[in-house]
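Novice: Chains A and B are the protein sequences, given in the same order.
Mapping the first sequence onto the working numbering, position 177 (from 1) lands on 177, and the numbers just tick up by one.
Mapping the second sequence onto the working numbering, position 154 (from 1) lands on 1154, and the numbers just tick up by one.
Because the hints were derived from the structure by calculation, they are not lab data.
Some hints here could point you the wrong way.
Lysine-lysine pairs mimicking PhoX-like chemistry, simulated, CA-CA at most 25 Å apart [what the hints assert, rightly or not]:
| hint | chain 1 | residue 1 | chain 2 | residue 2 |
| --- | --- | --- | --- | --- |
| 1 | A | 134 | B | 1026 |
| 2 | A | 134 | B | 1031 |
| 3 | B | 1156 | B | 1091 |
One-letter residues, chain by chain:
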Amino acid sequence: MKTVSLSRRLFIAGNYAFLIALSVSCLFPLVHVLAISFSSSAAASAGKVVLWPVDFTLASYEFILQNDAFIRAFGVTLQRVALGFSLNLALTLLCAYPLSREQKHFRYRTAYAWYFVITILFGGGLIPWYLTVKETGLLDSVWALVIPGAVPVFNVILMLNFIRGLPAEISESAFMDGAGHWTVLWRIVVPLSMPVIATVSLFTLVGHWNAWFDGLILMNFPERYPLSTYLQLMVISSSTLNFSGVSLREVAEISQRTTRAAQIFLGALPILLVYPFLQRFFVKGIVLGSVKA
Amino acid sequence: MLLPGVALVFVYSYIPMAGIVIAFQKFVPVKGVAGSDWVGLGNFDYVLNMPNIDQVLWNTVYIAGMKIVAGLVVPIGIAILLNEVRNVLIKRGVQTLIYLPHFLSWIILGGILIDILSPSQGIVNRLLAALGMESVFFLGSNDWFPYVLVASDVWKEFGFSTIVYLAAITSINPTLYEAAIMDGAGHVRQARHVTLPGMLPVIVLLATLSLGNVLNAGFEQVFNLYSASVYESGDILDTLIYRLGLLDAQFGVATAVGLFKSLVSLVLISVSYLLAYRLANYRIF
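Same shape as in the complex, but just chain B (with noise of 0.2 Å):
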């Protein structure tokens, strides 16, 4: 019964595992895997040697951070509000309209944001152009757009994780929060002694799972917003070998920035699942 799915993994996920001695090599797809010269750690030399390298690692680490950190922080809180919202249609009408962006593309989305955000007439520089300020370029200021991808990643994605923190938050047993009125805690000191603590669970779970995607910064997002303006603050490691590898056909050169893209995910990711065993219990299979 495994058979068909045990094959074509093989195919589509093992195969191409086996494609990272393209790393070390100076690969020419004329000449195929087996006909190429060996350059042994060459790329490697050539990656870390090009003068955009740092910049590349930095604006990804930066971005993926800010995103993980902020994809934790903000539906924590808006968890914590919604749980505060006594009419159940205004409830669920929330979580049914914040849940939406989610599942529209970064194509939507991009396009969306394009047309918002655009200098000359888009309508957030409209409005502040009508309360007197300057237009910004937004997609184009290496000052704004690491920032406006966090935001809009955010806005697209929060919805999913607050629904998650409110399940958990419905599930906390009430008599902790009798027991805590009777002893004089206001709300905020509810919300503090016993709805955090009460989540606390599947924020570790959610926290650590995050954490294997420290280099993750969404290429798809990031495709879709960029251009070469803002290549200095908004340049990540995937838009780098996508560029190297299918435009620039540095085939070889590519695949070593994937290599180790990889292998650092590997080390992040094994570890997240590690400390999501360790602390909450979680188990993969």
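So that you can see chain A by itself, here it is in the shape it has in the complex (with noise of 0.2 Å):
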């Protein structure tokens, strides 16, 4: 029968306290620019609003959501995210497959591999970078947020060490019976890495649906802004919001403040919402990545 000590109790004690105040203040900030977004702008300012609303109101929503400018923008993220997820998980599957065949079956294989790490290595620089995304065109266009960085070449390595660990046995198998290269990936390997495949798409789609600053600088017009630069502009960098048009209801209601958080939370809601659901692929995926067995 173990006796648990009076220090160990306390420090159990204090520790789950501890690790609790912890996870909660991960969350605080969010609840809190929550309650200021529902609130009246009176009570925000007078800083009456901690956790709860004050003077419950959707008038910063209404605002925010009739702003052409908001919507559009949350337009061209989706189109981003969407364009940019598909083209950078058929770039890393159909890179990281050949990446991952021994150097007896593939030449040239570390060479390959080496020109696609080197990039991780050096880099042009800003400058060069986007003299050259402008020389090929994209600006001003939806590409010029996909194609550029069509290649994640992280991505590529944690999958081609994934499609290593898979049993040489079963592709050896397959390709004996007559397949080719490209139904040994599509049938074979692609159903047996779902798990990595899994945790690289939610990385690419959150990487995507973040990004802001190529938006920023390779856009030359508002309109063709992402959600998350749009947001940059508007919370950050402070530009005001146009309230002229709106009731004297409403103008009472709302303020630059309640405006500002009730965008903010606009955009991290579609991460708040994915989150709990995907959050195991999420851990599965770091430990995949860093650990190894």
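Using the supplied hints, reconstruct the complex from the two chains, each of which is provided in its own coordinate frame.
Specialist: Right, here's the structure in full:
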């Protein structure tokens, strides 16, 4: 019968308290901003809002959602996420599979692998990259957000290491049965690689959703901005929203602060909605990628 | 099969590398690369003589250094503490919540931080006022800004490393703990002599891999949180490159700074991968 000392019990209690407080701190800022977005501007400026809306109102959200620019930016982001994700995933698979083959089957494998890895080690820098994108005529189109980053080398490496871990006998017997590489890739490797595909997909989706800098420098017209770039201008660079055409009642209820809070929350919402369900995959993904069994 | 990938990488990663020549030119977009004047090391001279270059370099290394150290130490501690939790629900719940900030962009978090740390209306300063202290302009004061950067970055990213370390801890052989207990080790001794050594391979791996980031003080974060009043303590190489290149259109100079950063990073990353290979048997591919 193990007796637990007082100091141990205190430690355990303190530990739980600390860790729970830590986790709550990860949630609190979001809840606070959410509360502000649902509060009236007067209450927000008076500092009455902590965790719960004061003078509950939907006015800020109404204002934001009626704003054409916001909706348009949302649409651009949806476009880039869909296009970028498909392209990234296809290219990741197409690159990882050949690179996972052993040296004896694919003679120049190491050379090609280094070709890709070098781009992680060294780059031309921001200006040459920008000029390249400009010269290839992609500026101001959604393809500028999709094509330059089309080959995610980190993901390729992750996937190729995973494919190497698959038992060789399966693909070898398929080759002996007369299957070509495309068949093996599509029918054997892909179904077996679902864990890493899920992980890579999720990171790619989140990456595209959150990307804002390329939109900022590659688009010359605000109408073409993706949502995160639009938010960058509105929330951080403190562009002010045009409040003209707003009824008197609404003006009393909304302010730069509450509308900013509403925009922040709407920008975070998709990720927040998706996260609880897919969190398992994210966690598995880290372990897959970092800790070699 | 590799062809599309190779072609795209060639265009968007290798061709920009050729653009490095701009660092040695007085580049004017209208004249193009072929038509712009050659200035040799003139751009580098200009950069080294810029009044704030020392400060920018120091800020970059200081901020990045603090992030690397805190980014190693904090997750290790949290992982060890989390390992002591027996309740599976709480354990998983904590992991889920601490990993969440990683997925929010710095636009979202920047907006939240700007609101929370606002000197007039922000909740942190209201709390300070309630405690009788003066309000602090966190994001505008050179004394506080670097530490706000480091603290918020650690808060955002510690979940990732914590989960990795926790996974490493769970793979430690339980008989080692039993042996330690039989030798009379209390919980602290166990942590020091069984847990930490068991985590060492992963710690070494993550530490060496993070060495390559000494010059990456976090452009996205700094750009979204800084302002002219904190250039002195918060301006880093990447924000300088951005302002020089894309705002002031001094393309040659900006490329020169970028080249410097790329070269130093190349050396650091290569060294870090080499160390990881030697110390932790880590192979990229």
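Novice: Could you run down the list of hints and mark each one as holding or not?
Specialist: Hint check results:
For the hint pairing residue 134 (chain A) with residue 1026 (chain B), the CA-to-CA distance comes to about 19 Å; that is within 25 Å, so the pair holds. For the suggested pair residue 134 (chain A) and residue 1031 (chain B), the alpha carbons sit about 15 Å apart, so the restraint of at most 25 Å is met. Simply put, residue 1156 (chain B) and residue 1091 (chain B) have alpha-carbon atoms about 19 Å apart, close enough for the 25 Å limit, and the pair holds.
In this structure, every one of the numbered hints holds.
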